[in-house]
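> The lines below spell out each chain.
Number of protein chains: 2
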Amino acid sequence: MDGKTLTEKRGQNRVTLDVVAKHAGVSRSTASLVVRNSNLIAPETHERVRASMKALGYIYNQSAGSLRSQKTKTLGMVIADVSNPFYALLASGIEWACHQQDFLTIFADTAEDGGRQKMIIDRLIQHNVAGVFFCPAGDNSADDLAALEVAGTPVVQIMRHVSGQKVPYIGPDNVAGVQLGIDHVVRLGRKKLAFIGGPAGKSSSEERLEGFNQGVAKHRLRVKKDFIKSVAINRREAMEAALVLLDRPDRPDAIICYNDLMAFGVMLAMQRLGLVPGKDVALVGFDDIPESALWTPALTTVSIDARNIGRLAARVLMDKIANPSRTSRDIIVEPKLMIRESCGESFAAA
Amino acid sequence: MDGKTLTEKRGQNRVTLDVVAKHAGVSRSTASLVVRNSNLIAPETHERVRASMKALGYIYNQSAGSLRSQKTKTLGMVIADVSNPFYALLASGIEWACHQQDFLTIFADTAEDGGRQKMIIDRLIQHNVAGVFFCPAGDNSADDLAALEVAGTPVVQIMRHVSGQKVPYIGPDNVAGVQLGIDHVVRLGRKKLAFIGGPAGKSSSEERLEGFNQGVAKHRLRVKKDFIKSVAINRREAMEAALVLLDRPDRPDAIICYNDLMAFGVMLAMQRLGLVPGKDVALVGFDDIPESALWTPALTTVSIDARNIGRLAARVLMDKIANPSRTSRDIIVEPKLMIRESCGESFAAA
DNA sequence: CTCGGTTGTTAGATCGATCTAATGCCTGTG
DNA sequence: CACAGGCATTAGATCGATCTAACAACCGAG
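So the sequence lines, in the order shown, correspond to chains E and C. Residues in the first sequence are numbered from 1 upward in steps of one, following the UniProt record's numbering. Residues in the second sequence are numbered from 1 upward in steps of one, following the UniProt record's numbering.
Rather than coming from a laboratory, the hints here were simulated on the basis of the structure. It should be emphasised that the depicted structure is a prediction, and the values quoted were computed from it without experimental measurement. Just so you know, not all the hints are guaranteed correct.
[Said to hold, decoys possible] Just so you have them, the derived chain E footprint on chain C, three or more residues with Cβ under 8 angstroms: (1) 57 to 64; (2) 87 to 96; (3) 105 to 115; (4) 199 to 211; (5) 286 to 296.
Where a beta carbon is used, it is the ideal one built from N, C-alpha and C, also for glycine.
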């Protein structure tokens with residue numbers, strides 16, 4: 001029963017371009033040009049072929065097309081962790097922009113795992129994707145970029161980048177972003193700053209740490225060595241780090257966090273210790289995910305528009321695909337500080 | 001300059017199976033069987049061919065393979081809105097499970113837009129995806145399902161389903177879930193319940209509303225007609241609905257929400273009105289996204305493990321792909337109530 | 001009346017894998 | 001010694017589009 005239906009559909013009488021062409025009384029070549037909306041075709045012919053396609057229920061066969069043309073309208077999107085709302089937004093921005101340009105996106109979450117990432121990149125290459133959005137995770141991302149280079153696949157890096165590569169990068173100015181936060185808390189009178197950063201080896205971690213160091217240097221503040229933490233990028237580890245940091249007499253009066261998720265972790269720690277964000281300790285995040293505005297107290301954070309970065313990255317990648325020879329430049333997006341409640345009002349140190 | 005590199009890569013001397021076969025001293029057919037890890041091949045031959053592939057830097061050409069076999073190792077994932085953390089988690093669960101089985105997933109966000117959804121489905125069919133995860137949005141989703149049916153593409157519906165279809169559905173027991181919440185607030189002494197639901201026409205909206213109606217009926221509670229709202233699925237609209245609902249003398253003493261996101265919107269409204277969740281009004285969400293446990297007060301909500309649903313859906317779809325004739329049944333996941341703070345302790349009505 | 005040029009169309013080769021059906025080889029058995 | 005049957009391998013057709021290079025028809029200019 002089902003077998004019959006299947007042979008009917010997958011069997012001999014599949015509607016191919018040949019069938020359409022015959023039905024419309026033209027050659028297969030002509031029909032092919034019609035599919036691709038070529039302007040070589042007379043409008044009258046175009047209409048006739050399109051009508052036949054509709055009448056016969058023609059379905060374009062992507063695989064056949066890509067085999068011959070060595071091209072696909074498919075992009076890869078390799079992202080570290082979609083369960084982070086920031087990346088979800090980024091992914092959504094990218095997908096939106098690609099859809100506008102009639103591209104499909106193959107989505108993959110590396111879960112910050114280098115081995116997984118390598119497998120994914122390989123499969124994307126086999127799939128002959130037209131380009132890849134790449135948010136590198138793991139230590140040997142350079143090898144993966146090299147593999148893409150060999151395959152001749154255009155790539156843009158988003159949010160993170162591996163050093164010494166000529167692959168364009170679209171992301172925020174991390175150094176400047178963190179400094180905005182520091183300027184703010186210092187202006188409010190905070191002096192004992194701490195930083196809960198991401199793991200070493202990621203460009204974003206290192207740049208944000210650099211921003212912290214430059215920021216405190218600018219204000220001639222002394223920072224205790226163990227006030228600078230480096231943990232995995234999630235709420236839990238940030239909370240644990242904060243518990244250690246805050247449960248000591250000489251605790252910091254301001255904490256700058258790698259991102260909002262981790263700032264939430266710190267808030268949890270404070271709550272547990274009976275401390276009030278914005279009063280006992282000022283707190284600054286990074287990313288400005290939608291939740292940040294809604295927590296109590298609302299999180300003061302460095303805002304970088306995820307959807308916008310996605311859109312920009314898509315534009316650069318499309319451009320690279322359209323003309324691969326042109327060298328494209330990085331885009332560094334200027335962040336801005338969203339001042340809300342988690343740093344409180346001006347503060348006189350004890 | 002780049003042109004040269006390109007012809008080098010894309011030119012005549014591309015490494016195809018033929019080249020590998022010649023290098024290893026076997027036929028192309030044999031090499032093909034090796035790629036597919038067939039057990040027809042002698043282990044010794046297998047090794048030799050694999051060595052040649054490595055030596056020559058062979059890259060499998062997916063398009064060629066799929067053209068001939070009419071099969072891909074690619075799945076489509078059509079989701080309503082990834083900016084909702086719940087769907088992000090669901091997507092991540094699906095992607096994870098698919099990756100295990102060596103499938104790639106093409107991801108698309110319909111943004112609850114029926115027209116967009118239709119385009120996406122068409123493109124997925126052209127792409128000859130092996131199967132589709134489908135979370136229907138828009139009114140004419142039935143047509144889209146029909147298109148997939150005609151193309152012979154296996155589908156599973158997730159979280160929502162269109163009625164009168166034999167396409168398997170994987171999702172939570174919405175009716176029972178909402179009732180769990182109602183039982184809880186009633187047990188605590190709440191009597192004036194309100195419901196802020198999603199838009200009509202979505203199965204999930206209607207089932208959760210049904211759950212509400214059954215729940216209040218069971219406890220013989222009378223619910224004012226305008227205590228039942230139906231708004232778009234986002235924080236803002238929920239907040240606006242709640243403002244109206246709470247800013248009246250006969251305000252409800254408990255609000256059941258379509259999902260957590262909307263419950264957060266209600267919390268915002270309460271905050272604005274100087275009301276305290278769990279004290280003035282009990283609040284119940286749905287989904288149990290990670291944020292729910294972390295807000296203050298922590299949200300009492302109906303938990304359905306998104307990653308788990310993703311995994312289950314993946315299993316069902318894989319199964320359907322493996323043997324399309326077998327009819328697969330729906331999977332209804334039993335939700336459970338996570339009791340936290342937003343409903344407070346027992347309550348004596350005024 | 002022929003020629004260059006434009007416009008629309010086309011035949012046939014081609015992309016790189018998989019599939020079908022057949023082959024040679026070996027071993028054990030009647 | 002012939003033959004059935006399993007094992008490993010293979011030749012050649014095939015999937016359905018695109019590409020190349022050429023062709024027919026027509027027009028206006030010399």
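> Just pull the numbers of the violated hints for me, sorted ascending.
4
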